[in-house]
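Q: So the protein sequences, as listed, match chains V and P. Per my numbering, residue 1 is the first one in the first sequence, and the count goes up by one each step. Per my numbering, residue 1001 is the first one in the second sequence, and the count goes up by one each step.
Calculated directly from the structure, the hints in this document are not laboratory data.
According to the in silico footprint, chain V covers these stretches of chain P (three or more CB under 8 Å from chain V):
#, region
1, 1009–1023
2, 1036–1045
3, 1067–1078
4, 1082–1088
On the chain V side, residues computed to face chain P include the following (Cβ under 7 Å):
#, residue
5, Ile77
6, Ile81
7, Ile89
8, Trp111
9, Leu114
10, Ala166
11, Pro174
12, Leu175
13, Tyr176
14, Ala179
15, Ile193
16, Ala198
17, Val214
18, Gly221
Virtual Cβ for every residue (Gly too), placed ideally from N, Cα, C.
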Amino acid sequence: MAEISLPAKPPGFLAGIVRALPVCAAVAPFGLLYGALAVDNGLSIFEATFMSAAIFGGASQMVGLQLFNGQVPGWLIVLSIFAVNFRHILYSAAIGPKLMHWPVWQRLAAWFLLTDPQFAESAKMAEQRPVPFTWYLGFGLALYLLWILESYLGARFGALIDDPEALGLDFMLPLYFFAMLYDFRARHPFFPIVIASAIGSIVAKLVVGSPWHVSIGALCGIAVAVIIGAPSEPPKPKERTT
Amino acid sequence: MNGMIWIIIFGAAATYLTRIGGHLVLSRFDHVHPRVQAGLNAVPAAVLTTLVAPALIDAGPAEWSAIIFAAFVGLRAKLTGMFFASAVLLIVLRQIGFN
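Between the sequences and the hints, there should be enough to build the whole structure, so can you do that?
A: Here you go:
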């Protein structure tokens, strides 16, 4: 008895996993790199893997590693992780109303998995049809479990590298952050923010010292953005009818 | 449990807060002030810059070459291609002792 596949059948768990495969392939090298860098920055294999399982946010984990050197107070590392992940606030505000047909426990689980690709794919689907929880879970769990596995493997094999300097590991994080930063260059006002943050962080590092240059530099850039303000939008028509 | 585990646990809690927080907080306002919006949008670029700029000051010719190369590759490729192309260049330059 062949099952008739209706075109309107909502995508399920398996379809979510399949949809996640290209993203998994793109993320894999970073998972391995994260694990190797984590060990190079003094984390144990367990700590490196645990960080991936608990946070599940590549960029923020890399920032955390950069600051794990024993001199930076813990709360500032937590604050930096928070700052890098701050963009999720915008995702959760945008996707939240589309998930209201799920029970509360499903939504609580879903927030944990809300990464950049998860948001992008879910927002795309929400324009067509209600997002099924099983599809969301399949997509998210595939990424999550692979991320943990890659971190473990990276940490495991990273521990075997005996000359990290020769492989440039000490400069991989700045290079990675530069590539990420470069992706934002179309977002106005990119250059004023970067110039202000660069000057602020370099001066602060010389005058106040590490790790304060991160917060001070970032505040300089944010202040410039606030002063410049949002790109001018056409004024919205007043819609008050009551 | 050592300090690092606690940092990871609090970092995870802070991350979950960003993932649930937008829905809980921002969705209550139907209007976010454009300057607040501009400040929020600036957070990633501002934080990332502070992690790159001082490292460039402390670096040498091999690292500067890798960054300049990354910028050129980035005109065509996305993050993954950009990062790995420049990482390979850095490793090669380190191996031949150009620093």
